[in-house]
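Q: Residues per chain are reported as follows:
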Amino acid sequence: MVRSFRAPRCLPWASAMNRLTTPLTVDDYLGQLDPLWSARHPAGRVRSVRREGPGAATLTIRPGRGWSGHRAGQYLPIGVEIDGVHHWRTYSITSPPDDSDVSLTVKARPDGRVSPHLVHRTPPGTVLRLGPAQGEFTLPEPLPARVLFVTAGSGITPVMGLLRTLARRHRTAPDAVLLHSAPTPDECLFQGELGLMAAEFAWLKLRLTLTRSDGRLTPKRIAGACPDWRDRYAWVCGPDGLLDAAERQWAAAGLRERLRLERFRLMPAQPTGEGAVGGRVRFARSGVETDAAADTTLLAAGEAAGVPMPYGCRRGLCFGCLVPLVEGRVRDLRTGELRDMQNEMIQTCVNGAAGPLALDL
Amino acid sequence: MSLSVVAPDARALRTEELGRELDRLRAEIVADRGPGDARYIHHVIAVQRGCEAVGRCALAVSVFPPAWVAGTALLALAKTLENMELGHNILHGQWDWLGDPAIHSTTWEWDFVTPADAWKRTHNHLHHTYTNVVGRDRDLGYTIVRMAADQPWRPVHLLQPLYTALLAPVFEWGIAVYDLEADAVPSGRKSLRSLLGDATALLRKAARQSAKDYVLFPFLAGPSALPCLLGNLTANGVRNVWAHTVIFCGHFPADVRTFTYTEEQIEGESRGEWYLRQIQGSANIEGGPLLHVLTGNLSHQIEHHLFPDLPSNRYAQLAPRVREICARYGLPYVTGPLWRQYASMWGRVLRHALP
Numbered sequence: 070m071v072r073s074f075r076a077p078r079c080l081p082w083a084s085a086m087n088r089l090t091t092p093l094t095v096d097d098y099l100g101q102l103d104p105l106w107s108a109r110h111p112a113g114r115v116r117s118v119r120r121e122g123p124g125a126a127t128l129t130i131r132p133g134r135g136w137s138g139h140r141a142g143q144y145l146p147i148g149v150e151i152d153g154v155h156h157w158r159t160y161s162i163t164s165p166p167d168d169s170d171v172s173l174t175v176k177a178r179p180d181g182r183v184s185p186h187l188v189h190r191t192p193p194g195t196v197l198r199l200g201p202a203q204g205e206f207t208l209p210e211p212l213p214a215r216v217l218f219v220t221a222g223s224g225i226t227p228v229m230g231l232l233r234t235l236a237r238r239h240r241t242a243p244d245a246v247l248l249h250s251a252p253t254p255d256e257c258l259f260q261g262e263l264g265l266m267a268a269e270f271a272w273l274k275l276r277l278t279l280t281r282s283d284g285r286l287t288p289k290r291i292a293g294a295c296p297d298w299r300d301r302y303a304w305v306c307g308p309d310g311l312l313d314a315a316e317r318q319w320a321a322a323g324l325r326e327r328l329r330l331e332r333f334r335l336m337p338a339q340p341t342g343e344g345a346v347g348g349r350v351r352f353a354r355s356g357v358e359t360d361a362a363a364d365t366t367l368l369a370a371g372e373a374a375g376v377p378m379p380y381g382c383r384r385g386l387c388f389g390c391l392v393p394l395v396e397g398r399v400r401d402l403r404t405g406e407l408r409d410m411q412n413e414m415i416q417t418c419v420n421g422a423a424g425p426l427a428l429d430l
Numbered sequence: 033m034s035l036s037v038v039a040p041d042a043r044a045l046r047t048e049e050l051g052r053e054l055d056r057l058r059a060e061i062v063a064d065r066g067p068g069d070a071r072y073i074h075h076v077i078a079v080q081r082g083c084e085a086v087g088r089c090a091l092a093v094s095v096f097p098p099a100w101v102a103g104t105a106l107l108a109l110a111k112t113l114e115n116m117e118l119g120h121n122i123l124h125g126q127w128d129w130l131g132d133p134a135i136h137s138t139t140w141e142w143d144f145v146t147p148a149d150a151w152k153r154t155h156n157h158l159h160h161t162y163t164n165v166v167g168r169d170r171d172l173g174y175t176i177v178r179m180a181a182d183q184p185w186r187p188v189h190l191l192q193p194l195y196t197a198l199l200a201p202v203f204e205w206g207i208a209v210y211d212l213e214a215d216a217v218p219s220g221r222k223s224l225r226s227l228l229g230d231a232t233a234l235l236r237k238a239a240r241q242s243a244k245d246y247v248l249f250p251f252l253a254g255p256s257a258l259p260c261l262l263g264n265l266t267a268n269g270v271r272n273v274w275a276h277t278v279i280f281c282g283h284f285p286a287d288v289r290t291f292t293y294t295e296e297q298i299e300g301e302s303r304g305e306w307y308l309r310q311i312q313g314s315a316n317i318e319g320g321p322l323l324h325v326l327t328g329n330l331s332h333q334i335e336h337h338l339f340p341d342l343p344s345n346r347y348a349q350l351a352p353r354v355r356e357i358c359a360r361y362g363l364p365y366v367t368g369p370l371w372r373q374y375a376s377m378w379g380r381v382l383r384h385a386l387p
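Chains as they are written, first to last, in the working numbering: chain F, 70 to 430; chain Y, 33 to 387.
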């Protein structure tokens, strides 16, 4: 679960100094001079932005003091300031963990607000807020002898982090098959680098599917291109259709525990007009699910479903009911304003569901 | 035509119209929030931390009298900004829309002995919901000062001019004890267990705060220890007196109304009725931009009570428009210079000391 609002971390040497700055920390003062010096609110500075074909770019970020590192295959919440407002999104990390810089490869979504900003309007020097790296789409220790990666579109990004990490091990890397699919060669992220890797490393076999001409990766194709798929530990990342198909395929073979999936949590597109829609509300921690009508507050919906909800004034004043929105979209019932920022704290007493959503509760 | 003299049905209609008009005003500001507002709050934070750092350094060499004066003044200024323009407003969620965890109502802690969580409950929830409702808004006299004729008189109130004056320099301690809501335990509104939990949280925070101002910094100041300690005491005292002044002037000048609690009126009130009560239950202080910043824009108490979650730097812009709306609806808009509001507030303390 993604949580960008977390308790401050305290480094041992700083704890004595923090007594002098309480209730702030020394970091809060250092952060005034350079945001990268703050450990309490980690930040990083963009060092370079490299084009990766049309509409995609790799951002190399020098993390500040607060960075606590990552494992290959994890994703990173970043806070991007646009017009004074921090928008939080998560992107897969494509750099190996032992690099001093962190790189993210971002594909600009045509209807997005943050990804086009990162790809087209983020000059080197820009400061980004960093959350802690998260996710379990990682390599186990010890490594299995044979692995399979199945990816589609930008689903290659976390796998690129895994492959680059394996490339560092080179001789001890497991036998690996990568089945990647992209609409056209132009739209295949990392095509050059993947080709070079496959040519250089005997342990890596690359099979590229061009979906515009060949059609999608199906269970049949996966089995055809990698006949020993049952003997391999598999990592699959891409659109829901691919993940669902893979999950069925591996489950049917009784091998579900050999499969790791990474779902990109893309926001479902919702109508934005006044015709509020309501939706299915999932309380991620308690596991409760309920349907909320368009004009019902999330607080009322949660209480009706028996979830212990934090609450205060019930009028949108006291902010005693703030809960992080994990995914989906909410509508402010007072103003009709829609919000869909991942991890944003929302007031459940004045917001209703605008489509399916999940709350961290 | 005043709202109080028209027929009940027409009055309800007018009230709903007032509500819609104020809702539109709110929506306008919400839509207009942007980089300028973000710059404002970042600037205030930078100035506040700068003043505090420089002030503390000056107090470290405060055996030298000009350093004492400058250090104490800067520290008092820093603490005032920290409490009023930053702490109070950020804890209201005014800056949550920035999406910045460093400036957020859920992560902010302030340089005030009462923990942010306890204060958010008594202030954001109880006070802002039940503004000036006798028996519900504990801020109406902070449970010890009698401020309205319909609050029951007890002999102890004869002393209230004295203890109100004594409260001012230690206001943060008064608020801290008040936020414990010990008076809610006998009535069953709060459990003894949660009172003990809150008291522990308060003691922990108060210990850290006091250690910083009254032990650690004076100790580090070496030969300047005593003047440094006095400087810190003075800065906290000045900040407390100022906060007490601003807050008492916000709700207790003579022309501010109080309300009687009736279930259907208060719990069932519409948005328009709620706005109406906020306007009648608050008072502004007139002055220049510096006064507004130093009060945390609570000099625009009426605007703050109408829109507690709008960024404070917007209240000055809202004030003339709210005042115009009040004039159009025949509503009072209680405002005046600081000295007058202060005198008026004291008049009320003195008057209600007697039965």
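Since the hints were made in silico from the structure, they are not lab data.
Misleading hints may appear alongside valid ones.
Covered by chain F, according to a simulated footprint, are these stretches of chain Y (three or more residues, beta-carbon under 8 angstroms) [said to hold, decoys possible]:
{"#": "1", "segment": "138-144"}
{"#": "2", "segment": "358-371"}
Pulled from the structure, derived: some chain F residues nowhere near chain Y, Cβ distances all over 12 angstroms [what the hints assert, rightly or not]:
{"#": "3", "residue": "Asp96"}
{"#": "4", "residue": "Gly153"}
{"#": "5", "residue": "Arg325"}
{"#": "6", "residue": "Arg332"}
Ideal Cβ positions, reconstructed from N, Cα and C, are used throughout, including at glycine.
Q: Determine for every hint whether it applies to the structure shown.
A: Verification of the hints:
1. 138-144: holds (count 5)
2. 358-371: With 0 residues close enough to chain F, the hint is violated.
3. Asp96: Violated: least Cβ distance 10 angstroms, not greater than 12 angstroms.
4. Gly153: 3 angstroms, violated
5. Arg325: 37 angstroms, holds
6. Arg332: 23 angstroms, holds
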